[in-house]
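S.K.: Residues per chain are reported as follows:
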Amino acid sequence: MGKTLAEKIFDSHLRDEPFPGTKVLNIDRVLCHEITTPVAIADLVWRDKDRVFDRTRIKAVIDHVTPAKDSKTATQAKMLRDWARRHDIPDFFDVGHNGVCHALFPEKGFIHPGHTVIMGDSHTCTHGAFGAFAAGVGTTDLEVGILKGVCAFREPATIRVNLDGVLPNGVFAKDVILYVISRLGVNGATDKVIEFRGAVVDQMSMEGRMTLCNMAIEAGGTSGVCMPDQVTVDYLWPFINSEFSSKEAALAEFSQWCSDEDARYVEVLDIDVSTLVPQVTYGYKPDCVKPVSEMAGTPVDQVYIGTCTNGRIEDLRQAAEVLRGRQIAKTVRGIVSPATPKIFNDALAEGIIQVFMDAGFCVTNPTCGACLGMSNGVLAEGEVCASTSNRNFNGRMGKGGMVHLMSPATAAATALTGVITDARTL
Amino acid sequence: MQKEFGGRAIVLDRSDINTDEIIPAKYLTEVTKEALKPYLLEDLKLEGFDPNGEALANARVVISRENFGCGSSREHAPWVFEVNGIYTIIAQSYARIFRQNMFNCGMLAIELPRAAIDALIALATTAPLEVTVDLKGQKMTAAAAGQTLNYDFDISPFDQALVLAGGWVEFADARY
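Protein sequences, first through last, are from chains F and B.
Taking my numbering, the leading residue of the first sequence gets 1, the next gets one more, and so forth.
Taking my numbering, the leading residue of the second sequence gets 1, the next gets one more, and so forth.
It should be emphasised that the hints constitute simulated quantities derived from the structure, not laboratory data.
Heads up, a few of these hints could be off.
Stated by the list, open to error - Over 10 Å on every C-beta distance to chain B, these chain F residues come out as not near it, computed from the model:
#: 1; residue: PRO20
#: 2; residue: TYR235
#: 3; residue: SER246
#: 4; residue: GLU253
#: 5; residue: VAL266
#: 6; residue: ASP422
To be verified - 35 Å max Cα-Cα, derived DSBU-like pairs, lysine-lysine:
#: 7; chain 1: F; residue 1: LYS399; chain 2: B; residue 2: LYS26
#: 8; chain 1: F; residue 1: LYS290; chain 2: F; residue 2: LYS342
#: 9; chain 1: F; residue 1: LYS108; chain 2: F; residue 2: LYS342
#: 10; chain 1: F; residue 1: LYS23; chain 2: F; residue 2: LYS49
#: 11; chain 1: F; residue 1: LYS8; chain 2: F; residue 2: LYS247
#: 12; chain 1: F; residue 1: LYS3; chain 2: F; residue 2: LYS108
#: 13; chain 1: F; residue 1: LYS399; chain 2: F; residue 2: LYS8
#: 14; chain 1: B; residue 1: LYS3; chain 2: F; residue 2: LYS78
#: 15; chain 1: B; residue 1: LYS3; chain 2: F; residue 2: LYS108
#: 16; chain 1: F; residue 1: LYS78; chain 2: F; residue 2: LYS290
#: 17; chain 1: B; residue 1: LYS3; chain 2: B; residue 2: LYS33
#: 18; chain 1: F; residue 1: LYS399; chain 2: B; residue 2: LYS139
#: 19; chain 1: B; residue 1: LYS26; chain 2: F; residue 2: LYS69
#: 20; chain 1: F; residue 1: LYS342; chain 2: B; residue 2: LYS26
#: 21; chain 1: F; residue 1: LYS399; chain 2: B; residue 2: LYS37
#: 22; chain 1: B; residue 1: LYS26; chain 2: F; residue 2: LYS49
#: 23; chain 1: F; residue 1: LYS290; chain 2: B; residue 2: LYS26
#: 24; chain 1: B; residue 1: LYS33; chain 2: F; residue 2: LYS23
#: 25; chain 1: B; residue 1: LYS33; chain 2: F; residue 2: LYS78
#: 26; chain 1: B; residue 1: LYS33; chain 2: F; residue 2: LYS290
#: 27; chain 1: B; residue 1: LYS139; chain 2: F; residue 2: LYS23
#: 28; chain 1: B; residue 1: LYS26; chain 2: F; residue 2: LYS72
Stated by the list, open to error - If you want the ones that stay clear, here's a sample from chain F, every Cβ over 10 Å from chain B, calculated:
#: 29; residue: ARG154
#: 30; residue: PRO238
#: 31; residue: GLY382
Please read these numbers as outputs of a predicted model, since none were measured by experiment.
The beta-carbon is built from N, C-alpha and C at its ideal position, and this holds for glycine as well.
Turn these sequences into a full structure, and let the hints guide you.
M.R.: Here it is in structure tokens:
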């Protein structure tokens, strides 16, 4: 019997099996941000165990509220900053160099096929796009990861989602994942890995694959994963060209992690995307998904483009394509937050920032900000936001606020009209 | 050190109660568990539920339905229960990260089938429900108005070891 990618990673990283069914894995990347790490740091200090297992395998960033908005967030940032300096963590990213963790760390080339990755953040599943096993964990798991470089998991079964056909014009990775979540349900993948396969994924950029894997958690999934291939190698090449003699050699090495043909899946979902239309959420759960056409005309107060789901350069390009030469509705506040300084810079160079500003958008620095109602665009009671983020829970972007999740193109079209709009109808 | 489980129960009769409802993100700027205490379930909208009411203040056990604790990885969710004296949650199912966070903190996330949850919720509507837990025997009893319900539950040997050790840091530190 063959193995899935996740099973191969579990076998190769197994440190201990303290009880049947519990696998303690060696962790390649322990990622840290300023919201969930400070309590772990404080606990380690309190236990007189203020140590790190390997300073080169720990990466840290201040991203959720940055620059700090008040004394409390300044304290959180300071706790992470002081700790990173104390332990001489080489890859620590502060104001001027920081961005949304799940966009920044991949962009730096930190995540490779076959890696095990944990972070105190549920959207850590994003990094599975590189053929890694990447799981969000709580602060205690993070603390043990920092101290010992291990984390315990139940070995997850894998759901295979075959995405075949050709994506129609104006339909993007975000529409695909919203549709997949509506099929699986918010707990359909609990304790499972979601493997995204098929021609659509093969042709997708790393950005699109990250959008898919990012929302695996919204179906309860432990990690989303894509198979490493030429696209993965090309993306990582600037970071790995000293390790491999050629791209072919890198591809051969990375391909070993791919699921075997005869691997076993707990569930297989076949989806032909050729007839898929733009999707949007209604209600307060991410599996409440409809075609945009069925929600068209719903007024919004704010449009938010950014986040670890859709704040990458490809996303900004897709939105700018819709906005170019047009003005957003007077009733709408448009906010765009490029997810990293590099994305911001690339968008500047491509003239995309100008397009957003000409259209009437506010451009913020890279940060998680409004996505979880922390800063830079929190909603008032009763307000509605069209957002490219990943979670539409009641009050997520501000108490009493409503969030509709959608692609950057749909969000841009919605900003232009002030009501939920299918960009293809403009 | 092992915590005390069981006590007076409160019912949150809905599936998919998420981490933003348990503790809104705006309070994640706190850097101590104690500071979270006033904000437990502040944003939960549920008929008959009052986040400032006596039922929650007196509760030591929460009973709920499917996919409890879905959403964020924030361990602030188990912590806000912990600092309010709620160490036991009984639900039909959990989101993975929340469930692991509970055991990692030495707290107890009991899973029971739908029929058992239905019966517990029905009994709790008659009178205040008192839950007792036998962790090693993996048995629990719920009593109200002279009626009792008895259930066996199943937690993995690993999760039981975490609860007995008082949490994952203690367990891992002793072993790795």
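S.K.: Work down the list of hints and note, for each, if the structure agrees.
M.R.: How the hints compare with the structure:
{"no.": "1", "hint": "PRO20", "result": "violated, 7 Å"}
{"no.": "2", "hint": "TYR235", "result": "holds, 26 Å"}
{"no.": "3", "hint": "SER246", "result": "holds, 38 Å"}
{"no.": "4", "hint": "GLU253", "result": "holds, 29 Å"}
{"no.": "5", "hint": "VAL266", "result": "holds, 15 Å"}
{"no.": "6", "hint": "ASP422", "result": "holds, 28 Å"}
{"no.": "7", "hint": "LYS399(F) x LYS26(B)", "result": "holds, 10 Å"}
{"no.": "8", "hint": "LYS290(F) x LYS342(F)", "result": "holds, 34 Å"}
{"no.": "9", "hint": "LYS108(F) x LYS342(F)", "result": "holds, 10 Å"}
{"no.": "10", "hint": "LYS23(F) x LYS49(F)", "result": "holds, 24 Å"}
{"no.": "11", "hint": "LYS8(F) x LYS247(F)", "result": "holds, 22 Å"}
{"no.": "12", "hint": "LYS3(F) x LYS108(F)", "result": "holds, 30 Å"}
{"no.": "13", "hint": "LYS399(F) x LYS8(F)", "result": "violated, 43 Å"}
{"no.": "14", "hint": "LYS3(B) x LYS78(F)", "result": "holds, 33 Å"}
{"no.": "15", "hint": "LYS3(B) x LYS108(F)", "result": "violated, 43 Å"}
{"no.": "16", "hint": "LYS78(F) x LYS290(F)", "result": "violated, 43 Å"}
{"no.": "17", "hint": "LYS3(B) x LYS33(B)", "result": "holds, 16 Å"}
{"no.": "18", "hint": "LYS399(F) x LYS139(B)", "result": "violated, 40 Å"}
{"no.": "19", "hint": "LYS26(B) x LYS69(F)", "result": "holds, 12 Å"}
{"no.": "20", "hint": "LYS342(F) x LYS26(B)", "result": "holds, 28 Å"}
{"no.": "21", "hint": "LYS399(F) x LYS37(B)", "result": "holds, 19 Å"}
{"no.": "22", "hint": "LYS26(B) x LYS49(F)", "result": "holds, 29 Å"}
{"no.": "23", "hint": "LYS290(F) x LYS26(B)", "result": "holds, 29 Å"}
{"no.": "24", "hint": "LYS33(B) x LYS23(F)", "result": "holds, 29 Å"}
{"no.": "25", "hint": "LYS33(B) x LYS78(F)", "result": "holds, 18 Å"}
{"no.": "26", "hint": "LYS33(B) x LYS290(F)", "result": "violated, 39 Å"}
{"no.": "27", "hint": "LYS139(B) x LYS23(F)", "result": "holds, 26 Å"}
{"no.": "28", "hint": "LYS26(B) x LYS72(F)", "result": "holds, 11 Å"}
{"no.": "29", "hint": "ARG154", "result": "violated, 8 Å"}
{"no.": "30", "hint": "PRO238", "result": "holds, 30 Å"}
{"no.": "31", "hint": "GLY382", "result": "holds, 14 Å"}
Checked against the numbered hints given earlier, this structure breaks hints 1, 13, 15, 16, 18, 26 and 29; the rest are met.
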